[in-house]
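Starting from the known structure of chain D, arrange chain E on it as the hints suggest.
The listed protein sequences correspond, in order, to chains D and E.
Mapping to this note's numbering: the first sequence position 77 is 77, numbers consecutive.
Basically this note's numbering = 1-based index in the second sequence + 1000.
Check each hint, because a few of them may be wrong.
Stated by the list, open to error - Here are the simulated distance ranges between beta carbons:
id, chain 1, residue 1, chain 2, residue 2, range
1, E, Arg1226, D, Gln132, 17 to 25 Å
2, E, Gly1284, D, Gly150, 52 to 60 Å
3, E, Lys1285, D, Glu18, 41 to 49 Å
Hints are computed from structural coordinates only; laboratory data are not their basis.
Glycine is no exception: its CB is placed at the ideal position from the N, C-alpha and C atoms.
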Amino acid sequence: METLEPLLAAHPFFKNLEESFLKLITGCASNVRFEAGEFIGREGANADHFYLIRHGQVSLQVASPSRGAMVVQTIGEGEILGWSWLVPPYRWTLDVQAITLTRAIALDGKCIRAKCEENHDLGYELLKRFTQIMVQRLEATRIQLLDIYGTHA
Amino acid sequence: MAPTLDEQMHISGSAEAMLPRAYAIRRVKRETADTFTMEFEPVDGASELTFAAGQFNMLYVFGVGEVPISISGNPANPQTLVHTTRVVGTVTKALGELKRGDRVGIRGAYGRGWPVAAATGNDVVIVAGGIGLAPLRPVMYEMLAAREKFGKVVLLYGTRTPADILFRKELEEWRARFDLEVFITVDRGSPDWRGNVGVVTTLIPKAPFDPTNTLAMICGPEVMMRFTINALQKRGVPAEAIYVSMERNMKCAIGFCGHCQYGGAFICKDGPVFSYAQIQELFGKSEI
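Extracted from the complex, chain E is given alone in its bound form:
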C-alpha cells in the first residue's frame, strides 16, 4: 500500500528520504519549445507516490544529477506521477532527451503545498506566470473535483508569447466552463493572437473576486510575484490570504544541507509554499 502523506512526511525526515526509487517514463508530451511533460510509473516494486498539490520531487537523471521539479499531475491519481519541466540546465536538458521506457530516480514528495483546504468557502484567485502554472495545476484539479466547496475560482495566467502557453488544451477546456474564470495574457502578442497583451498584474484590477473573502495562490518568477502581491493588496487582499511558491536551489530536499535556506526557514521543508504574511520581511530582498 502506498504511504500516506503523514507517513511520507515521516520518511522525509529520515535517511530513506535520500534514496531515489526507480520510475519509468510512460509518456512524454512536448508542451512548448522549451517545456515538456512526463508521466512516470513506478518500477522494481516501488510504490506509488501520494502527494499534495504544490509539493515537489527530486528527479535524478542517472549519471547526470538531480533536480527539484514540482508535481503537475492530479493528487487524486497518484498512480501516474506527472512532472512538467522547462529546460534550463544540464539535468533538465538531459531529462528532456529521455524517451518512453527510460528510467529515472525519483524521491519525494517533499515540502508543504498549497492551502487548498483552507480556501474552502472563499473565492480563490490563482495567478501563474510562465512555467509557474505547472505547480498550480494540481490545485485546479483538486478544486474542480470539489467545485461546490469554493466561491468564485479565477485563474490568471501570464506568459511570454502565445507559443509559450502551457497546457493549452486544458486551459481551453477550463475557459469553456461556466464555474471558472480564466484569463490569459501574453507579454508579446503575435499577428494571429487575438487575446490579452500585457503583464499578468494588469488582469488583477478587473478580475471578478471579493478581495475580503479571497485566498490567492501565486507561482512564477519572484519579480512577477512581487508585482502581483502589490496588485492584490491594492485590491484589498490581506497578506495572510496570499500564498506564494518560492524557488531556490534544493539539494537534499529534507532540510539538512542548507542550500535552500531562506532566513530562518528552508524552502524545501518549510516551503516551497509560504503565506506572504510569513515571509514579507524577507520577500524581495536580493541578499536573501
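Bound conformation, chain D alone:
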C-alpha cells in the first residue's frame, strides 16, 4: 500500500529530514479534507493535530466581542497550520476555518509527541522547524501591529 511518506518528503517543511525520522512521522499522518466554511480548530479546544496544507486556504480568526470574527492571517498550499499541539496545554489559541475546500495531511500531535519523547533527536529536529514557523508568525504579527500603511507611516 502506498504511504504518505512521499508526500511528506516532498513538503518544504520536511525538506532534508532524515529518512528514519520521516518514517516515524508518517506513522502519525493521515489524509484529511475540510469543506469550505468548516472549522478545523476552535479557540480553547484541544489541539490534537497540525496540518500540512496541500490544497485550499484556511483563515486564522480571533473572536472580538464588538467586531465579531477577525481574520488575522490566511494560510494556504504548502504551509503548516498549527503549533499548539507542541506547547502545553495543547489548545488552539485561535479559531481556524477553511475558506475553500481544503485538503491536508493531518499529523497526530499526541502520537508525534510520544515519538519525540522516545527519540529526542527527532524532537529537537521538529522543534527547530516549528520554532522557525512560530518566529515567522510572530514577526508577521508585529509588522501587522505597526499598521505600516497607515498615514502615520
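Showing chain E alone in chain D's frame:
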C-alpha cells in the same frame, strides 16, 4: 518635439529645471478613500514629458506649494501624464480638491528609475506596499509590453484593508493573465474578503520565482521594505538584485538644496531607486 530622456537629464541639471510648466487636469479618478489618480495634459505650449518608470515629478498647486509625486502612468504614452496621490498633507489635500480643467505646475521628470532593462532575461519580483504600487505600475506596463523578454513576472501587493486596494480593475485584469503571477494580501480582512490576510512578506516564501535569477523591485514604507528584503535574502536573492525606492522630502528635486540627502547621495538625483547593495550600510538607520 518632446525632449528625450537624455535631454531631460541635462535640463534637470540647469536652472530651467526649477520652472514648472502648466498642465491641465484632464481626468480625476478616486481610487480609495484617501488616494486619487489624476491625468494631466500640457497647456500653454508645454511639450509632453517623457519619463522612465520610477521617476517622479514636482507637482505645484498654485498658492499652496510643491510636492514630489511618482509617475504612475505608462512611459510609452507620455502624452498623458498620470499621477496617483495619497492625501497626507496640505499640498496633497489641495491637489485632491482640484477638478477637471484646473491647472497645476509640473516640473520633471526627475531621478533614476527602475532597472527594467537590466531585468531582461530574469524572473522579476515586484513587491508593493500600499501606495507603493503607484511607482511600480509603469514597470508593469513596460514589462507587459515586452513580456517575452522576461522570465516569470510576479507581483506581490500588500495593503491595509480590501478597501485600500489600488488600481483594483487593473489588478484583476493582470491576475487573469496566464503570464503573470499576482498575489494580493491585506493586513486586515473584512467579512466579505476571501483573499489572503497577512503582511506582504508572508507571500515571498511561496512566490514562484528562481531566486538565483531574479531581479526584485520593492516600493512601500521603509519598514515594509526592510522586512521584504530580509525575506527575499532568506530565499537567496542577492543584495545586488534587489532594488528599492526611497522616499525623502524632496524640495528642489535636482540635488541642490540637500533636503533629501541620504549619506553621500541625494534621493532626488541619485535615487529614488537604489540597488540594495548600494545603500545597505545606510538602510534602516533611523538617524540617516
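Hint by hint, here is what the structure shows:
| no. | hint | verdict |
| --- | --- | --- |
| 1 | E:Arg1226 with D:Gln132: 17 to 25 Å | holds, 19 Å |
| 2 | E:Gly1284 with D:Gly150: 52 to 60 Å | violated, 19 Å |
| 3 | E:Lys1285 with D:Glu18: 41 to 49 Å | holds, 42 Å |
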